[in-house]
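*Asks:* Dock chain B with the ligands against chain A, hints included.
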Amino acid sequence: MSTSSPPETGGPTVSAQRVRALFATMCRIRAFEEAAERAAKEGLITGAAHLSIGQEATAAGVCGNLRTSDLITSTHRGHGHTIAKGASADAMMRELFGRAGGTSDGKGGSMHIADFSVGMLGANGIVAAGIPIAAGAAQAKRLLGEDAVVACFFGDGAVNRGPFLEGLNWARIYDLPVLFVCEDNRYAARTRTGAMTGGPGPAARAESLGVPAHPIDGNDVMAVDALAGQLVEEMRAGGGPQFIHAKTYRQKGHTVADPGTWRPAEEIAQFLEHDPMTIARQFLIDAGAGPADLDAIVADAQQEMADAYDSAAAAPWPDDGLAATDVQDIGGPA
Amino acid sequence: MSTVTYKEASCLALAEEMRRDPTVWTLGEDVGDGGVFGQYTGLRDEFGPDRVVSTPISEATIMGAAVGAAMVGTRPVVELRFADFALCAMDEMVNQAAKARYMFGGQTRVPVVIRQPIGMWRSSAAQHSQSLESWYVHTPGFVVLAPGTPADNHGLLKSAIRCDDPVIFMEHKDSWDVEGEIPDGGDKTVPIGKAKIIRPGEDLTIVTWSGAVQVALQAAEAAAGKGVSVEIVDLRSLWPWDKEAVFQSVEKTRRLVVLHEAVKVCGFGAEVAATVSETMGDRLATPVRRLGAPRIPIPYAPPLENLCRVRVADVMTTVEEMGV
Ligand SMILES: Cc1ncc(C[n+]2csc(CCOP(=O)(O)OP(=O)(O)O)c2C)c(N)n1
Ligand SMILES: [Mg+2]
Chain A
1 MSTSSPPETG
11 GPTVSAQRVR
21 ALFATMCRIR
31 AFEEAAERAA
41 KEGLITGAAH
51 LSIGQEATAA
61 GVCGNLRTSD
71 LITSTHRGHG
81 HTIAKGASAD
91 AMMRELFGRA
101 GGTSDGKGGS
111 MHIADFSVGM
121 LGANGIVAAG
131 IPIAAGAAQA
141 KRLLGEDAVV
151 ACFFGDGAVN
161 RGPFLEGLNW
171 ARIYDLPVLF
181 VCEDNRYAAR
191 TRTGAMTGGP
201 GPAARAESLG
211 VPAHPIDGND
221 VMAVDALAGQ
231 LVEEMRAGGG
241 PQFIHAKTYR
251 QKGHTVADPG
261 TWRPAEEIAQ
271 FLEHDPMTIA
281 RQFLIDAGAG
291 PADLDAIVAD
301 AQQEMADAYD
311 SAAAAPWPDD
321 GLAATDVQDI
331 GGPA
Chain B
335 MSTVTYKEAS
345 CLALAEEMRR
355 DPTVWTLGED
365 VGDGGVFGQY
375 TGLRDEFGPD
385 RVVSTPISEA
395 TIMGAAVGAA
405 MVGTRPVVEL
415 RFADFALCAM
425 DEMVNQAAKA
435 RYMFGGQTRV
445 PVVIRQPIGM
455 WRSSAAQHSQ
465 SLESWYVHTP
475 GFVVLAPGTP
485 ADNHGLLKSA
495 IRCDDPVIFM
505 EHKDSWDVEG
515 EIPDGGDKTV
525 PIGKAKIIRP
535 GEDLTIVTWS
545 GAVQVALQAA
555 EAAAGKGVSV
565 EIVDLRSLWP
575 WDKEAVFQSV
585 EKTRRLVVLH
595 EAVKVCGFGA
605 EVAATVSETM
615 GDRLATPVRR
625 LGAPRIPIPY
635 APPLENLCRV
645 RVADVMTTVE
655 EMGV
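Residue numbers (our numbering), protein chains in the order written: chain A, 1 to 334; chain B, 335 to 658.
Same shape as in the complex, but just chain A (with noise of 0.2 angstroms):
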């Protein structure tokens, strides 16, 4: 599952131009956490913001195999996600911003970035939570008669949490359409989570709870395409969840603030070679596509986010008055 083979469905021109769209989303993600990381570094993002450079092939390829009416759960970890399902990237620009127009109004900043209209049901700032909401979520849909897939993304340190067992196992004795992705890029923030993991890790773990686990190279985009596309489609059918260990790698720090250079440096070089970019680019090139077709969709995408910044920047603050709102119905702020 780990080379770069075309996925299965299709000729290669039809899945060359597959990976073409899922290249440009992963270029969309890539563009957008840089123009967030300029705009930390600016002083422009005030709260903590998590980027996802390095992983961008995962929510690509996981993404790419789903309707807007799938839903997905996210960490705090999840503009990629977001981009990915369908999002407006100048909206949630001006959310990590905490300006008007925000995806949420500028009341929930990154770690609460979502989009409901696309089914995006939101990140989270407790690790594991996305968990057992996707469960719930899937549930509900069947309950209502809805044929919905719910992909619920997490990292490798969430398999520690308590809502790791308890989720897994509930989408299996209801036989949810749950698709879990874990997101391993080795490090739980400062933490290796190879040392806080006991036993034989993520899969294994899944599989004990009776849930069909995948191990597969994350930053290849075409295998997680293809895989993705394959449990998806068994979901659909009538399939009980399924269980995805997307082994990539968190180029950057845990959060903006942290260089991430306290890491091996030959580790670090290792996966800047193993780049999902450059693994989606060398199988664009090698199935055909030009250098400079390639070089204008990261252009095109980093003037999308170049715009989006600005727009952000230029944003007005939201109303003062947006900070008692939308906190409940009856018995409202006091």
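Among these hints, one or two may not hold up.
[To be verified] Facing chain B, from chain A, some residues (calculated, C-beta under 7 angstroms):
1. His112
2. Ala114
3. Phe116
4. Ile133
5. Gly136
6. Ala137
7. Gln139
8. Leu143
9. Pro163
10. Gly167
11. Trp170
12. Ile330
13. Gly331
[Claimed, not checked] Partner residues aside, some chain B positions facing chain A, computed with beta carbon under 7 angstroms:
14. Gly398
15. Ala403
16. Asn429
17. Met437
No lab work stands behind these hints: they were computed from the structure. From the three backbone atoms N, C-alpha and C, an ideal C-beta is built for every residue, glycine too.
*Replies:* Showing chain B with the ligands alone in chain A's frame:
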């Protein structure tokens, strides 16, 4: 009107709402088999296992799944069995249910009812007896209800299910078998945020709720024997709470006792007392008094457990000290 127990009242209310609205469903340990106290008896037979969902012992996921389910268009009624076990779902209640609407800028609602039975009952000791209502009132986002009678358990549960906010619904375990009348027909709800004067009086106001309502009623009876006329305000709804009803009563009696089963320190009685003092302290004949449990874990042995209860005699002493 029909006479039912507090427990039956809640079961009827849930069944009525499930018949009325197909998006209402319930989940929790053993609910398919009637629930730990029998509050779900017969529901699975009528509504099937997909709407009356027995779950694993996974409080965090019972609650977290309900949040996800509520955000996408259903109305889950969560059973957490004991308020003490609800603590295993604290993140899912406080960080998720109570905040999702706000932190996502109003993109979603979390119309979930979180049932968590409270209170001292049959030597249940330190981990099965707590009354933690003030924790939830302290958390923006929640509606907090604590019915003390069968009619309120029926009418407030219906209102809670219809409410778009997350509702903490606290039933008192010692009240399951208390009997009372509820309206026939199943359409009558009790409004959230409205207190009820359950005994009119002139000389002193007792504000109370939940299981302590029974203590207040007995104390009022005893006080009447001594020529003191006590008015009892059953708040029923702790957030929002009916300040107007309390102010009106205290305006008349000029004396206020707040009585609850929870630990007195930082109990919700403190909020009521402070609000009355701030608002109408100059009209009080005597300072507000609070009655609640000592700040100790609840002990097992019946005589020790009793020391945590506010007894009628305690209320009477306080009434005397207030110079009525
Ligand atoms: C319950 C909880 N504990 C601790 C934290 C602080 N925290 C935020 S992110 C993080 C590391 C998470 O690691 P992982 O799940 O691997 O995700 P990654 O950051 O690598 O994407 C920690 C410890 C938190 N947000 N929630
Ligand atoms: Mg990690």
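*Asks:* So, as I understand it, the hint says B:Asn429 touches chain A; can you test that by seeing if any CB pair is closer than 7 angstroms?
*Replies:* Because about 5 angstroms separates B:Asn429 from the closest Cβ in chain A, which is inside the 7 angstroms limit, the hint holds.
*Asks:* So, as I understand it, the hint says A:Ile133 touches chain B; can you test that by seeing if any CB pair is closer than 7 angstroms?
*Replies:* holds, 4 angstroms
*Asks:* Does the CB of A:Gly167 sit less than 7 angstroms away from some CB of chain B?
*Replies:* OK, holds: A:Gly167 within 7 angstroms of chain B, min 5 angstroms.
*Asks:* Should the interface hint for A:Gly136 be scored as holding, given a Cβ-Cβ cut-off of 7 angstroms against chain B?
*Replies:* Holds, because the Cβ-Cβ distance from A:Gly136 to chain B comes to roughly 3 angstroms (cut-off 7 angstroms).
*Asks:* Does A:Leu143 meet its interface restraint, that is, does its C-beta lie within less than 7 angstroms of any C-beta in chain B?
*Replies:* Holds - the Cβ of A:Leu143 comes within 7 angstroms of chain B, reaching about 6 angstroms at its closest.
*Asks:* Is the interface hint for A:Phe116 satisfied, with its Cβ closer than 7 angstroms to some Cβ of chain B?
*Replies:* With a closest approach of 4 angstroms, the A:Phe116 hint holds.
*Asks:* Hint validation: A:Ile330 versus chain B, beta carbon distance must be below 7 angstroms. Holds or violated?
*Replies:* holds, 5 angstroms
*Asks:* Does A:Gly331 pass the interface check with chain B, least Cβ-Cβ distance below 7 angstroms?
*Replies:* Since the shortest Cβ distance to chain B is 3 angstroms, the answer is holds.
*Asks:* With chain B as the partner, please determine if A:Ala114 meets the hint condition of a C-beta pair closer than 7 angstroms.
*Replies:* holds, 4 angstroms
*Asks:* Close enough to count: is the Cβ of A:Pro163 nearer than 7 angstroms to one in chain B?
*Replies:* Interface hint status for A:Pro163: holds (5 angstroms vs cutoff 7 angstroms).
*Asks:* Identify whether the interface hint at A:Gln139 stands, where standing means a beta carbon of chain B within less than 7 angstroms of its own.
*Replies:* holds, 6 angstroms
*Asks:* Once the shortest beta carbon distance from B:Ala403 to chain A is found, is it less than 7 angstroms?
*Replies:* Holds, about 4 angstroms.
When the structure is compared with the earlier hints, no violation turns up for any of them.
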